[in-house]
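Protein sequences appear in the order of chains A and B.
Under full-length UniProt numbering, think of the first position of the first sequence as 1, with each following residue one higher.
Under full-length UniProt numbering, think of the first position of the second sequence as 1, with each following residue one higher.
Simulated from the structure, these hints should not be mistaken for laboratory data.
The beta-carbon is built from N, C-alpha and C at its ideal position, and this holds for glycine as well.
Honestly, I wouldn't trust all of these hints.
Here are the computed lysine to aspartate or glutamate pairs in the EDC-like style, where the Cα-Cα straight-line distance is at most 16 Å [stated by the list, open to error]:
id : chain 1 : residue 1 : chain 2 : residue 2
1  : B       : K170      : A       : D178
2  : B       : K325      : B       : D312
3  : A       : K170      : B       : D178
4  : B       : K194      : A       : E250
Beta-carbon label-pair distances, calculated as ranges [stated by the list, open to error]:
id : chain 1 : residue 1 : chain 2 : residue 2 : range
5  : A       : D403      : B       : Q144      : 30 to 38 Å
6  : B       : G276      : A       : S85       : 29 to 37 Å
7  : A       : G100      : B       : Q144      : 31 to 39 Å
8  : B       : K59       : A       : S400      : 50 to 58 Å
Number of protein chains: 2
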Amino acid sequence: MFATMGAFGLAPTAEAARREPAFQAPRRSDFTLKGRSAAKVVIVGGGIAGLAAAYELGKAGYDCTVLEARERTGGRNFTVRGGDSTTDTYGNRQTARFGGGQYMNAGPARIPQWMVTLDYCRELGVPIEVFTNVNANAYIFNEQSGMKAPVRHRTAKADVYGYVAELLAKATDTGALDRRITTEDQERLLEFLKDFGDIGDTLAYTGSSRRGYRIDPAAAGTPGEELGFVPTASEVFASGVGRYFSFEFEYDQAMLMFQPVGGMDRIPAALTRAIGERRIRTGAAVSRIDGTDHGVTVTYTRSGRTRTIEADYCIAALPPNILAKTSHNLGPAVQTALEACRPSSAGKIGLEYRSRWWETDHRIYGGITETDMDLAHVWYPSYGFHGERGVVIGYYNYGSQADSYAALTPREREARAVAQGVKIHGEKYRSELASSFSHHWRQTPYVEAAWHSMAGGPDAPVFAPLNQAAGRVYFAGDYLSHTDAWQHGAFTSARKAVTALHTRVLA
Amino acid sequence: MFATMGAFGLAPTAEAARREPAFQAPRRSDFTLKGRSAAKVVIVGGGIAGLAAAYELGKAGYDCTVLEARERTGGRNFTVRGGDSTTDTYGNRQTARFGGGQYMNAGPARIPQWMVTLDYCRELGVPIEVFTNVNANAYIFNEQSGMKAPVRHRTAKADVYGYVAELLAKATDTGALDRRITTEDQERLLEFLKDFGDIGDTLAYTGSSRRGYRIDPAAAGTPGEELGFVPTASEVFASGVGRYFSFEFEYDQAMLMFQPVGGMDRIPAALTRAIGERRIRTGAAVSRIDGTDHGVTVTYTRSGRTRTIEADYCIAALPPNILAKTSHNLGPAVQTALEACRPSSAGKIGLEYRSRWWETDHRIYGGITETDMDLAHVWYPSYGFHGERGVVIGYYNYGSQADSYAALTPREREARAVAQGVKIHGEKYRSELASSFSHHWRQTPYVEAAWHSMAGGPDAPVFAPLNQAAGRVYFAGDYLSHTDAWQHGAFTSARKAVTALHTRVLA
């Protein structure tokens with residue numbers, strides 16, 4: 001049997017079949033505290049910052065305990081699967097009914113190549129795959145700017161770049177740049193512009209195969225037919241489609257981006273395993289943090305009973321807006337700083353469909369549709385291509401748009417999101433819907449923020465009390481970083497806190 | 001155990017663990033010949049066109065036999081794994097020594113969203129994943145243009161777009177566009193350019209965080225430090241980095257792109273299974289095709305013995321340059337057409353490394369580095385992220401560059417490719433090398449072409465005899481399509497041929 005298959009390239013040799021191992025990451029550690037200690041540390045908050053602190057301190061010998069108010073670790077790193085339930089601060093209870101293998105990352109969902117989050121995936125053995133942050137085939141639909149129909153990113157880009165190239169090429173050609181750059185540079189610029197805008201030697205944009213095809217090129221006799229109806233420059237600029245292009249130039253959003261295979265919560269799950277589950281108490285809501293001369297006392301409630309835990313040090317890795325509502329004796333400057341961290345809103349809805357009509361009908365395999373509607377962004381799934389079902393993120397919005405959806409019941413959120421999405425995708429957006437699940441971070445108990453607005457940045461004077469120890473209490477979280485709302489901020493903030501703590505212990 | 005894991009979000013419920021199914025594609029067929037026939041068809045060539053023809057005819061009841069000269073099906077769809085051997089027409093014999101799970105796609109390696117190749121993946125149950133065709137973190141190195149060091153795509157793009165935006169914004173601001181577009185459009189254009197080039201209200205490009213960072217933003221106290229040494233506009237234009245940007249605008253190369261999980265040859269493997277292995281004869285080199293009044297006689301050699309096969313029809317799905325060297329009685333117009341298909345050269349080398357230093361040291365997770373060196377392109381692998389090893393495509397070049405590498409021994413090719421790559425990546429490009437395997441299509445027996453140059457396109461009059469039947473012989477291949485060198489061309493050409501054949505049979 002194998003020999004026959006080998007002849008068809010199915011399995012060149014029996015040896016080859018044997019040689020395909022399951023993924024196993026190198027166990028190299030990128031960050032290691034030098035020297036060891038057995039000091040006792042209580043960590044308040046089992047989100048990424050808290051888990052990372054416990055993980056790194058644990059590697060250096062510390063006796064850590066993590067107190068997490070919710071029933072799961074990960075904090076805002078929350079992957080919703082079928083059977084998962086939430087109740088928001090407005091009392092809306094939802095249970096996800098997603099089918100097998102389907103999920104939505106309600107919090108962080110993408111990882112740029114440069115962030116240490118990827119290093120933790122490597123170190124912890126969490127397999128990764130591409131997150132489809134940009135897709136030429138996805139749509140742009142600026143309803144408020146008067147667009148009558150969605151246009152694909154590739155088409156919008158061809159038109160904008162085409163007219164930009166034409167305008168600059170003609171300005172160059174008529175001498176408008178003569179006093180700015182040399183003739184030789186102008187020639188090089190023109191060469192670039194002809195290619196960049198596909199404007200040819202006439203220097204006029206009249207459409208391009210880059211816009212896409214009404215009939216795709218195929219066999220002989222079918223050269224394909226380009227999309228018609230090239231809009232004028234004025235129409236293109238008025239549509240505002242160009243405002244989305246710089247997204248993919250940004251240092252934190254440029255492709256390639258990545259995600260853990262199977263859900264973002266593979267990261268806190270791996271951290272939890274590495275820390276040791278016995279060191280983590282979920283359902284433990286902290287009510288009080290008291291620094292003492294020689295340690296810290298943390299009071300919490302678990303299963304209806306109030307308990308205290310004593311430790312040599314504490315790392316406060318809970319959201320600053322939650323800590324601001326928690327009793328403590330850390331002083332008024334700390335309290336002022338905590339209250340200066342202004343919580344922001346964001347929400348997502350996962351729309352599970354019975355078929356992957358966006359792939360079969362729209363030829364959209366992942367990526368993001370951009371709108372000026374209250375949906376803000378529509379995400380197509382980065383996993384499960386060609387499968388039976390899929391979860392589309394029907395909105396990912398912030399601020400007042402998120403708040404206005406949060407004020408609705410989950411059923412109303414779904415109806416509103418679907419009604420908007422139908423305008424872009426047609427009736428299957430409604431008729432193929434199987435279930436939905438919405439999540440809003442400002443309304444999530446024990447979190448109550450998607451991220452935080454830090455006036456002047458995390459190094460502004462008002463936040464100084466949080467960037468150093470308050471007695472034996474250290475602070476960590478993405479809000480105390482220059483990459484807030486990214487796990488990278490939580491990881492690097494945790495590294496900073498444990499380094500400071502460890503340096504002091506060893507001193 | 002499960003209950004405890006559930007508390008940490010590792011496995012919310014036992015049910016959830018059960019709900020993660022292995023990938024299984026829908027079995028929907030996109031292309032179906034209407035009506036059935038039991039006619040006998042011999043298909044010469046077991047590449048994608050030949051396999052697709054046999055597969056589609058088989059679905060309609062035909063009795064097909066595929067004759068393939070090489071020892072494996074797939075034609076140029078060739079995935080090289082450890083243990084695979086080749087001998088080129090110059091006599092170079094190589095055996096790949098790649099480790100477990102490592103491979104290179106020597107032929108086609110990427111699939112755009114719109115091509116029917118993806119439909120066949122869906123129909124045949126071949127899982128797909130993203131092919132990393134563009135990566136902001138990959139390099140550009142134009143040594144011949146005088147660049148002293150590689151620059152990342154993101155940096156080059158920020159600089160080029162920054163200066164383009166500045167030049168056009170200032171031309172606009174000084175009235176150079178007044179006679180071309182309205183004041184309102186100029187205002188919209190300026191808004192776009194400020195964002196597109198990150199030039200702010202001064203309309204001057206002075207660098208941007210989009211270029212990247214020397215020190216990445218991290219915790220409080222580490223705002224990051226942007227890459228310094230912003231080149232002048234003149235330096236940027238002279239470097240020629242901008243010539244690579246339009247690649248990702250093209251209809252056939254724009255992200256998102258895809259590949260089968262595990263190697264491109266999962267496609268011919270699945271086709272081979274679907275056709276039935278008993279219908280395929282490998283190692284069967286055709287020496288003669290004779291049309292008769294009522295059928296076709298094909299003569300071939302297998303295991304040293306010459307045989308003939310009679311059929312009602314034939315589909316000639318072998319490369320036209322090979323058919324041109326095969327005896328036939330299809331007439332001088334056919335022969336002239338075949339000889340007008342000019343074979344092109346292309347080659348690739350797979351460099352297997354003991355570590356994925358491009359990920360750990362360069363933060364490059366997939367994508368393509370562009371050069372004006374004879375390597376042309378360097379591809380980082382789109383699979384196995386964070387694994388122990390990886391195969392970098394050290395060159396993917398065409399024409400005379402490919403021919404000059406083909407003229408070397410495999411060892412010399414490796415040495416030359418590595419010496420060039422060291423200039424971009426440093427010494428690990430040499431020191432971490434574990435093995436290599438190079439493949440050149442012009443020098444591959446029974447293929448002898450990477451693709452074909454068709455003067456005037458496949459619908460030019462000279463090729464007309466190939467776009468219709470020659471008696472009872474039909475022709476198929478990507479060369480007879482408007483997407484030559486793509487599997488889409490082979491698939492659609494096969495569909496066209498079997499449709500014509502079937503229509504005639506049913507008539």
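Structure-based check of all given hints:
Restraint check: the Cα-Cα separation between K170/B and D178/A comes to about 12 Å, which is no more than 16 Å; the hinted pair holds. Taking the CA atoms of K325/B and D312/B, the gap is about 23 Å. The hint is violated against a cut of 16 Å. For the hint linking K170/A to D178/B, the alpha-carbon distance of about 12 Å falls within 16 Å, and the restraint holds. Distance check on the hinted pair: K194/B and E250/A sit about 14 Å apart at the alpha-carbon level, within 16 Å; holds.
Checked against the hint of 30 to 38 Å, the C-beta distance between D403/A and Q144/B comes to roughly 56 Å, which is inconsistent with it. Look at G276/B against S85/A: about 49 Å separates their beta carbons, and that is not inside 29 to 37 Å. Take G100/A and Q144/B: their Cβ atoms lie about 54 Å apart, and the range 31 to 39 Å is violated. In this structure, K59/B and S400/A meet the distance hint of 50 to 58 Å, their C-beta atoms being roughly 55 Å apart.
Of the numbered hints given earlier, the model fails hints 2, 5, 6, 7; all others are met.
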